[in-house]
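Residues in the sequence shown are numbered from 3 upward in steps of one, following our numbering.
Please note that a few of the clues may not be correct.
Within a straight-line C-alpha distance of at most 20 Å, the following computed EDC-like cross-link-like pairs (lysine to aspartate or glutamate) qualify [unchecked claim]:
#1 Lys-89 with Glu-119
#2 Lys-89 with Asp-64
#3 Lys-89 with Asp-108
#4 Lys-653 with Asp-674
I should point out that these hints are in silico values taken from the structure, not numbers from a laboratory.
Quick caveat, the model's predicted, so the values are computed rather than measured.
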Amino acid sequence: MRRRVLPWITTLSIAATLAACGGETATPLGDSGVPDGTDAGVETDGGGITVGEITLSTTQVDFGKVVIGTSLERTVVVTNPQDHAVKVAFGALSGPDAATFTLSFDVPLDGNAVTLEAGTQATLTFAFSPEAAQRYVATLALDSCQGACPASIGLVAEGVLSGLVCPTSLDLGVANPGNCVDLPFACENQGNATESLINVSIADDPGGVFSVLINNDGSAAPGETLDFVTSFCPDANQAFTGTAVVVAGPGSEVVEQRVALTGRGGGPNVDCAPASLDLGVTGLGRALVGAVICTNTGVEEAQLGAALVAGGAFAVTSSASLSLAPGASTAVQVTFTPAALGVAQGTLRITSNDPDTPTVDVQVQAEAVDLLPCEVTAEPGTVDFGAVSLGDRRSLSVALANRGPTDCVVAAFVDNTAAPISVQLPTAPQTIAPGASLTFDVTFAPATGGAATASIAVTFLNPGSTDLVVDIQGEGATPPVTVEPYPVDFGGVAVGCASPETRSITIRRTAPGPGVVTQVELITSATTAFSLNPGPLPNTLSFLETMQVELTFTPPAVGTYSALIRIVSNNGPAVVVPVSAVGQPTSSRTDTVSMARPPVDVLFVVDDSGSMAAAQAALGQAIPDFVAAFANRGVDFQIGVVTTDMTDPAKSGRLQGTPTFVTPATPDLLDDLSGRLQPGTTGSGTEQGIRAAASAVTPPLSITANSGFLRPDADLAVVWLTDEDDSSLGGTTIPDYLAALRSATGNGALRLAAIAGPAPGGCVGPYGTAQAGTRYAALVGSTPGGLLLSYCDDMLGNLLRVSAALFGEDAVTLSAQPAIPTLVVTVNGAAVPRVDAQGNANWAYSLATNQVTFAAPLPQGATVSVTYDAFCLSATCGDGVQDPNELCDDMNAANDDACINCVTAACGDAFVQTGVEECDDGNADQTDACLASCVAATCGDGFLQAGVEECDDGNTVGGDGCPATCRYYAMAGLASAPFTELANGTPITFTGGGNNPNDDGAAQVVLPFGFSFFGAPATSTVTVSPNGYLSFDPPVTAQQSAANAAIPSASAPNALMAAWWEDLLVDPNIQGGSEVSWTVQGAAPARVAIVQWRDVRVANHTTNRHRRFTFQIALEEGTGVIRLAYGTTETAFTAPTQTSASAGIEDATGALGYEALGCSPTCTGPARSAQNPNGFPEQSEVVFTP
């Protein structure tokens, strides 16, 4: 069929007006672009429109949205319903857009007309192809009555880049911050071409609370949609806006569509827990009650409803609907009332106006069983904390023990506690099996003084069972005594042992002044299990004095046991100590310890008054070993230093140094810290050490100048070094200072140590004289594990004791005495043999301390387990029959064979096994006479035997720094010997020393032979001091030279040989003059260098009134002998009071030495006699022989 194509007009909409014959009223097309004033025709029953003699399928053709560059066709059917032929004439397309349309016919044209036979039809096909994005209109005129009935067909179309249509805005409603809501939307393809998604994204959303994802394949044919899901996740309670940007198109041309997004963070937020509720077990006729706790964590009021949608035995017994304000909680209570035995289940549905979770389903379950009466006791029946210091915290465990033969079911706990008493209760119901226990902890943490009481009620589901009430009491007050250990824990003890477990308990008086312990009472229901021996009472204790009580435990049966020890004094509140123990069927047990050591912030408080130079120097020298104790164990530490001076604004609790504290990352850590710990001796003589510590760790300094030193999860350790008692001003009490220090610890523990003078009389030692530190003793004695260390003990030893208290020793304290052969040790799950392949000890057991001690530091976080059979002396031990609690039974009581007390003999059991062990002292101490391997200590074994050896390098070869005898010198004590003055000695000229070199100056002479000093070659240059000593070290300051110290002493001078060391003066103006000279006598290889002090006087005396001394020091070539020789002492007129002197030798470190006269540093000036045993020893000598 031939198709003729006519020019056409593209329009945005098409309308046709056909003038119907008969003069019907015309229908105006308005702004459609089709001319008005023609008749619209009459619609026929067949759906067409009659105009004149023909029928048109439509008079308005709408192409809709057509993508530029594509074409779309629409058709109009012309029908001749007449019984004769009709000629239809077509006019030209009209309108401004006619050229965009085309028309074709499916019948031949006769000019501009078509003749339709009766009952036939013709199809007009209009085609539209847009060139721009705009609206197009056109009109086609026609007539079927030879001009008598003109009509028209209107054409409308829209040219578009894309036919995709998206919503202009989207409101996602309300969501809780932290939650999300999703909302789908669709973009419809209203065009004529398939649309493909290029990208979808979110814009204008700085907070990132909106997101969008495509929800189909990203392609939409005409009439289909691109489907999206938008999420709204607010992070605050406020309104949010954003834009979803959809980029899509039918081809290379793409169009961006923007959808405005709105949402609001807020509304109610209902959280309910638990997700499932098990009410437990009950008996028939006894209801169980449980609850789901719902909390409104949102910002607007919530409306709640609750109903059971399944489970006929359950019922909601709280209000079925309620309002819940923001922050409020409510219990949705469910009651189970069983009508039959067995397990019942149901579903609790909680509804709310929570915008993102409007419905929560909780599965509920309970069981009805046939319960019998049961017997439960509370141990202890009454919880008595006694006196607890303000700011301290004590916890006790309560055990609900089932002593009967049937299960006992706890129905509920009723908590009647309030601050300062709190409790951690188990959930109810709980089933306690026969012989088992259910425990919970009660805590007392008084912030103010006074008594506090509370109670816990326990009800049971078993019919006929008696409910329990556990009364709780405590008093916030400073206890007059402290107790070690606290609490007392026996651990597991085998039933049937003839030997009871025994614990020794130390009671220490910590309140100032004397007090009388009037009563030590054992409170327990297990009267056959525990036995207490309090010793003689009443017992008067002075300040810091101790007494011992003995507690034994012999379990009559398997089970858990507890008790309280109540200690009553005449002048203070009672102190209560909890006791726990377990009776178990066998003696096998495992003790597990984690070496996870918390970070620690260490505050040193150093006395910087005028008498502290020697102690500060010793502290600085000991620091490497102290820091190594941290590093070897992987402990994260911070160390800060303050002084006792609270008068200098630059000190006064301010951390000294820059930066204000050191850490493992501090450059030159050891030198830096050593310097900080020696702050000098110009500080105030009013030592306020406790106040300085409290000021350093509390506001304002803790949050300003000292900020960053305290960490919330770190332990706080305070270490004082002082030779005076605390003189903190302001009237603050020791308990107040203790509370201030505790407040600074955050989540960590508080540990206190004071290196001070011991009570009551102080001490005299290598660093000088120390007064009794009674206030420090009261402070550290009030804290668990507090250390009061003697100022006069070795500084390194003191610091190592501090580190052991901070980190715990590399040891595991066992919960019971072991049968030693059964010990098995593992570290992080790997077995560790007692000795390695070379025979070196990896660990050793000490009977004295009941510890397994490791030879090397254990790594941070290591888990150590010790498995063993506890020693149990069977009642039948010695009958020759080995029962389950015996490792052997040899029918004798001998303690030197292979079976001792029915336990296989082993090293460390304190019994020497004949022919196997050389010794056995029951400990792992490698410094005593019996090594941990049960071999007698000898020189050359590589272990330094305290008090016997001065070195031990693992061999008996001399000349390698440690003599073959393991001692550097044999000292021949003071003996009478004639004194021969030097006649021709070379005078020594002194320099330095301030205004008068002959007072505190120094000179140096050079030995013409080599000399060995403390096992090592010494320098040939010898420093000579007018103050009565020689040294292989360079000259020291005038102050150090004049201030004689104890021997040995870490303070300078070191590498010292002193005959009469005090502040002396070479005074040429006294009668006969005074002089220091030296000479070398004899011939090689047996020469002797002699230095002589002749008639040197005490420096603070005068030329006319003084005491003077003559003495020598001789050094022998070859033998290395050192000889101190004493001549005479004389008085010119009446001598003033004389200062004290020191005599002896010490090594280069000041750690090892020999005191010569038995009186250093307080030897006095007059000649030694029965009346003056510490005097100058005329015509005598002391000889040191290597």
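Okay, which hints does this one fail, numbers in order?
-> Hint check: 2 fails alone, others pass.
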